[in-house]
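A.B. asks: All the letters of the sequence shown, read from the start, carry residue numbers 1 to 189 under the numbering used here.
None of these hints come from the bench; they were simulated from the model. Honestly, I wouldn't trust all of these hints.
Unchecked claim - Cross-link-like lysine to aspartate or glutamate pairs, in silico, DMTMM-like; alpha carbons within 25 Å at most: (1) Lys167 x Asp108; (2) Lys102 x Glu138; (3) Lys72 x Glu154; (4) Lys167 x Glu179; (5) Lys72 x Glu138; (6) Lys102 x Glu60; (7) Lys102 x Asp174; (8) Lys167 x Glu111; (9) Lys167 x Glu71; (10) Lys72 x Glu128; (11) Lys72 x Asp174.
As the list claims (entries may be wrong) - Derived Cβ-Cβ restraints for the label pairs, each shown as a range: (12) Arg117 x Met62: 27 to 37 Å; (13) Ser177 x Pro65: 25 to 35 Å; (14) Leu38 x Glu128: 19 to 29 Å.
Ideal Cβ placement from N, Cα and C applies to all residues, glycine included.
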Amino acid sequence: MADEDRPAREGHPVVSGVIALVAVALAVGLVLGGGALLAARVLNLDGGDTASDGGSSGGETMYLPTPSPTEKDTGPRITLAPDPGDEAGAPSSTASAKPEEKISLTSDSSEVGSMDRIYLRGTYPGGEGAILQVQQWEGGAWGIFPVTASVSNETFTTYIQTSQPGKNRFRVVDTDSGEASNEVRVTIR
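Using the sequences provided together with the hints, build the complete structure.
C.D. replies: Encoded structure:
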């Protein structure tokens, strides 16, 4: 008698396979959907009440943390004075020296390897929020180096990398006022 039932069960194996596949997919979908719903509720991602967030009409918001003072950097700093005879027409006497620059720039290193980080730091009194563009001396003129820094609490910091060997000169310039810093020199080996 067992042989008589066999042809009836083997008559539709494709239909039986499809039904089993649909049942497994439905079970997996329910488990994953329930898990996602539970995770959304635990993480409060269910949309919530929009009236509780100050009456906003929904949509995206941007959180800006309250600014706080930063700690003073106590690491080593190197500031190199420019050579008086480096640029054509530069005065060599201190009698005609111009007043101290507003933007003060320093470098943590005076010599680095190719593509090593060169940290540039400085102060800019009265320049809160200013964007400073790093510039490099190339071919007798200051060229734009593709790095900027922003001023916060009258200080700024950034780093640059270059593979141009030899002595390199860098400065920063306020993109709004055009005010330039002193230059720093770093030798790339």
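A.B. asks: All hints, please: hold or fail.
C.D. replies: So, going through the hints one by one against the coordinates:
The hinted pair formed by lysine 167 and aspartate 108 meets the criterion: a straight-line CA distance of about 15 Å does not exceed 25 Å. For the suggested pair lysine 102 and glutamate 138, the alpha carbons sit about 24 Å apart, so the restraint of at most 25 Å is met. Proximity of lysine 72 to glutamate 154 is assessed by CA-CA distance (about 11 Å); at most 25 Å being required, the pair is judged to hold. The hinted pair formed by lysine 167 and glutamate 179 meets the criterion: a straight-line CA distance of about 24 Å does not exceed 25 Å.
Between lysine 72 and glutamate 138 the CA atoms are separated by roughly 33 Å; this puts the pair beyond 25 Å, and the hint is violated. In summary, the hint linking lysine 102 to glutamate 60 is not supported, as the alpha carbons are separated by about 40 Å, beyond the 25 Å threshold. With a C-alpha separation of about 10 Å, the suggested pair lysine 102 and aspartate 174 falls inside the 25 Å cut-off, and the hint holds. Only pairs whose Cα atoms come within 25 Å are accepted, and lysine 167 paired with glutamate 111 is accepted, the gap being roughly 9 Å.
About 32 Å separates the Cα atoms of lysine 167 and glutamate 71, which puts this hinted pair outside 25 Å; it is violated. Distance restraint check for lysine 72 and glutamate 128: the Cα-Cα separation of roughly 16 Å lies within the 25 Å cut-off, and the hinted pair is therefore satisfied. Of the pairs offered as hints, the one joining lysine 72 and aspartate 174 holds, with about 22 Å between alpha carbons and a cut-off of 25 Å not exceeded. Range check, arginine 117 to methionine 62: about 30 Å between beta-carbon atoms, so the 27 to 37 Å window is met.
Under the hint 25 to 35 Å, the C-beta atoms of serine 177 and proline 65, about 28 Å apart, fit the expected range. For the pair leucine 38 and glutamate 128, the supplied restraint of 19 to 29 Å is violated, since their beta-carbon distance comes to about 47 Å.
Checked against the numbered hints given earlier, this structure breaks hints 5, 6, 9 and 14; the rest are met.
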